[in-house]
Amino acid sequence: MNITFRNETFRDDYTFRNSPGAIRRFPFPFHEDKYMYSVNMEPHVPAGPDGHAYNKPIDVDEHYLAEMDDRAKVLKEDPLRYQALPHMMAAQWDTLELLMEAQAAGYPGHFTLEKNGDQWRWINRPMGIDQAFTFGDASTLPMEPLEFITRQAQGDFVIVDQRDGQLWCDAGMVTTQADWSLDFDIGMNFHEWHGPVPLAHEIGVFDRALKFLLNLQQGKPVRRLNWTMTINPRLDTSPENYHKWGPDRATVTPENVGDKVHLRCELQSLWRLPRSNAILFVIRCYLIKMEELVTVPKWARRFHRVLRGLPPELVDYKGLTRYRPTTVEWLSKFDDGLPTSPGIYPE
Amino acid sequence: MTINTEMKVRVTEIRQVADKVKRFRFERAGGGPMPVFSGGAHVIVSMRDGKALRRNPYSLMSSPEDTKGYEISVLRVENSRGGSAFLHEKLKEGDELVLSQPVNLFPFDQRGKKHIMMAGGIGITPFIAMMEQMERGGKAFELYYAVRTRSHGAYWKELQQRYGAHRVKIYCDAEKLFIPVGKILANQPLGTHLYVCGPAGMINGVLGKASELGWPRQNLHAEEFLAPPPGKAFQVRLAKSNRAIDVAPHQSILEALEANGVDAPYLCRGGACGQCETGVVSCDGGLEHNDHFLEPDEKASGKKIMICVSRITGNAVTLDL
Ligand SMILES: Cc1cc2nc3c(=O)[nH]c(=O)nc-3n(C[C@H](O)[C@H](O)[C@H](O)COP(=O)(O)OP(=O)(O)OC[C@H]3O[C@@H](n4cnc5c(N)ncnc54)[C@H](O)[C@@H]3O)c2cc1C
Ligand code: FES
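Sequence order for the protein chains is A and B. My numbering applies: residue 1 is where the first sequence begins, and numbers increase by one. My numbering applies: residue 1 is where the second sequence begins, and numbers increase by one.
With the rest of the complex left out, here is chain B (with noise of 0.2 Å):
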């Protein structure tokens, strides 16, 4: 029922459970229940870094009913502009942060006779929530889980311990095993949605083959865990308030206006909400459209971007703000 929606929290436990991933624990500051989640959902982890505001989005990791605390797993990536580096490397246990309350753009489908999850790397986090809320409302699901090395990895000894060989399968790029998607995908019962989450590579490939093998397009879902791209230094006009703020190589549009003053709407910061949806009044150039929410007939016009993850290929872009 609070309304006052950003939560303060404090690190209770910070653990190494992979190579280069690092599990965190929060629980509210002031004491007090955090709001229930569904599987799937991810919050924004404010963190102060010396001068730097760093806002990135993180999936819910820990039991959904766990009203005590949140989870996240972080993975350390390289050449990190500062969030992961900062989790991995300065933040300590009892630190303050704020987190914003959950939010979920990769639900799974309450109807789903069977749920099929496929995992690359970190981006099996999501899955550990869902697959618990799952377990508890007695859904039929199987987890395919790709791993660099069994070190690499985190969890996979934990959840197949929990749900079975049977229901949760390791393959181990180190080990030349690989998830034969085509043959998994060929042979499921009307009504079985899949879900994807990893690089945009495998998340390509394994919904290719799913619609290959004559999959709907409604029982098709994953999440990429992007983040805003590098690119050319340029310039943001604001049309309505009349100011020209400069977007640096390691910033996006979006992060630029927050730490210029101008406060623009956003959920996921990845792409995919349409939160930060912003009408683009001209451009000197391209629009570099990263985002995962456009139509592409929205992208062709340029009169939209997406400020949390697209770039332009110019010198300065005029929005609507």
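So that you can see chain A by itself, here it is in the shape it has in the complex (with noise of 0.2 Å):
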């Protein structure tokens, strides 16, 4: 079935919004009424109830061409948002060909690839592009391959190498990111991109999913969940820019939270790639505003116990200082104090 993409923005007038189907589909990150910190992975097979964000291993979904239209604008402003080194090009095209077989499997409308032997085409329908290459000779394409794959799916694509019981963050396209930035990361290990969460290193999480990461094997891929919150659907909210959005936490009253407050999650995918044997993260990022997400009662009871809940060090770090009182104080007209059901799913 093919998707009706939304003609939206995500910034300016912010015309953001979920249909009431994408509403249902979206990644709810809470599976019980309280949240702890972990880097808990589960296999990334297909789940969920039909049309839910987890049932394809690469989702695409209605936001599709305004996401692309936002990173265009983005990368347009500031293109050092792409990245890659030079010894990053066998996993540029190992990215390229898996984006492009899982959209064209998971897609058939929207999507083709055709391969014969190394000469292949790429018809990407709702972007209007029809492109024959020639796989792993850059020069037959009108950018690199990870760019030019990455213009054309949505969420934010790092590339880790694996050198030396390390895992080095060598390329990626990031635009799209919760309060980090690309600039900042290249070159980084896995630990000095990982620093600033508070208490993980205390628990040693970070040592056993760096173990985890090193034996993740091909074929297996793995997810989890994170998740913050926006002031309006901002999906650029990048350190560079904080001077963009930053002073928007300041604008929640009672009466705007329900349209200005988003949960945002971040529906993470890693997967090893097979010429490079580098790992690429996916980092896919699915906003809902306050007025939709209460639309599904548990989901409602659920995240308000969830919020007002929170240690004190996590609403600092996600910095929902400022809105959260207000956002509980909301939130709770929708939690009748019922018990709500396991899992992540709408009942």
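What the hints contain is simulated information worked out from the structure, not anything from laboratory work. Just to be clear, a hint being listed does not mean it is correct.
Below, simulated SDA-like cross-link-like pairs (lysine to any residue); rule was C-alpha separation at most 20 Å, straight line [said to hold, decoys possible]: (1) K115/A x G32/B; (2) K220/A x R28/B; (3) K114/B x A140/B; (4) K8/B x G31/B; (5) K92/B x G69/B; (6) K51/B x I245/B; (7) K211/A x K299/B; (8) K304/B x K220/A.
Two chains, two frames, a set of hints: combine them into the complex.
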């Protein structure tokens, strides 16, 4: 079935909305009424009720065109949001193949990939792209393979190289990040990259996560969900642009919570790449307004409880301090105290 | 994209390529492509040999871009407990086997300005796939390949023909020719990486020489085809599941667990990847660490064991399983 793509914005007039269908497919990150930081991963296998964001390994949804348009705008202002160190060329081709194959297999009405030896043809109907090229020969594409394909795929993409028992962040397309920056991170290793998360180091979660990732297997991608909150449906909340979005945090009032405050969920999937032996991190961002979220009664109750009980260090770290009380107060109207069912899916 | 990661394959070709070395080609039993892999990767081959299930790692030596099939080359070892003997003497074209997804614990460094490979005997296998990938990527490389006799050495003629005698150099024990390690390592441009695959003695010798000459550790890479060494029989007690399992002299702990229906995680079965690391609750003798994964202080602590290759000297060990 083909997707009807929305015409909307993630800046200026902020016309982003979720259709009722998009609300129900939202990857809600809380499986119980409280939240604990963890890096627990699960196999990235198709899951969830029909239509859920977990159904396909690379998810395409109604926001595709608007997100690709927003990415193009970010890159125009700041081309360094795409970077790749020279030794990452094999990993670039790996990523191009993975994304083209997954999008073509998942959405044949929108994307087609034809392969004839190393002569490939890629058709992206929503974006009006029809590109013939030689796989492995970057001169046959209008730009580097990673940039080419990630201008046509939702989510941020970071490729880490594995060397000397460490992971090195050596290429990426990052335009929708929640408060971290590729420019700052390129060339860093796993520990440096994750440095700032409070509590996490103490419990050794990163050492365990690193060991797990070093042995990530080809053909066995894994996923985890992370979350934060964003005021206004802004995709690009990068440190470089803090002056543009930071002040929005002070604009939340009891009257506008439902429209302005968004739960921002990151579906991270990790893939071992075949030619380069590197690891691809796909960090896919989903936004949902509070007034959309409360249309699912289970999520309304649960999110109220999670936000109310969040440890102060995490409130600070996620930058929620200013508007959390107003949001908790607003959400309390939708929490009748009834128990919630286990799991993340709507009832 | 397949999530069911084990691959059922059919043997489509078996060829004797040198004394005691056979090459096996596998294609998917149900048709369809195999995943692309990176040079240096191995697969675990699961073989049903009568009642026994044998699982050995073998390096992939076909072209990494050949998705029609995978090839391995296997040396028939003396005193084989089963794996290489089964492959050489029992396996026939048309038979079916199960392969794991490729796992690479011996990748080449993509940043390398130049790559020097040193192979001893059957240790040539990962380099065949690596050279294929390096050639395609336009990388500078040289191979130094030591063989016992010219008839024992697999592939040296083909490799010399393909890449030229200036890049592929053969040294034959029987002709009293040995790789001049010191001379080669003394004169390399900055950013050169060194890879060694062969018997333990060769690996230690080459890496020792490289360190002596001031090569940075990050530029040195090695893979040993380590097999679980035999030893005394002993008992493994599982603390969590409250079971006791006997480990026979020719069995590894991992194999004994599997034979008793306990599935433990593994990737290499050769003491290199770290996946099978297991906590030791108590042991009535010494731990005999045979792996390349644990740091010396971890080995000394007596709290961890790599169950794919390590044993104990006492009668019983209790594991956190
Ligand atoms: C990452 C990796 C990649 C590998 N790639 C290859 C490859 O490409 N090609 C290849 O041929 N092999 C490769 N190997 C080795 C391979 O996995 C097997 O170990 C090998 O084939 C021997 O297996 P086996 O079951 O026949 O012998 P095993 O019985 O497991 O024998 C292992 C060794 O122990 C010795 N041994 C066994 N029993 C005794 C005894 N009673 N007393 C004394 N010594 C004994 C044998 O002589 C032999 O050398 C690789 C190993 C690893 C870890
Ligand atoms: S399975 Fe790899 S170290 Fe044991």
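Tested hints:
1. Distance restraint check for K115/A and G32/B: the Cα-Cα separation of roughly 14 Å lies within the 20 Å cut-off, and the hinted pair is therefore satisfied.
2. Simply put, K220/A and R28/B have alpha-carbon atoms about 18 Å apart, close enough for the 20 Å limit, and the pair holds.
3. A C-alpha spacing of about 5 Å is found between K114/B and A140/B, which places the hinted pair at or below 20 Å, so the restraint holds.
4. At most 20 Å may separate the alpha-carbon atoms for a hinted pair to count; K8/B and G31/B meet this at roughly 10 Å.
5. For the proposed pair K92/B and G69/B, the alpha carbon gap of about 17 Å is at most 20 Å, so the pair holds.
6. A threshold of 20 Å between alpha carbons decides the hint, and for K51/B with I245/B the separation of about 18 Å falls inside it, so the pair holds.
7. Restraint check for K211/A and K299/B: the C-alpha separation of about 18 Å stays at or below 20 Å, so the hint holds.
8. For the suggested pair K304/B and K220/A, the alpha carbons sit about 27 Å apart, so the restraint of at most 20 Å is broken.
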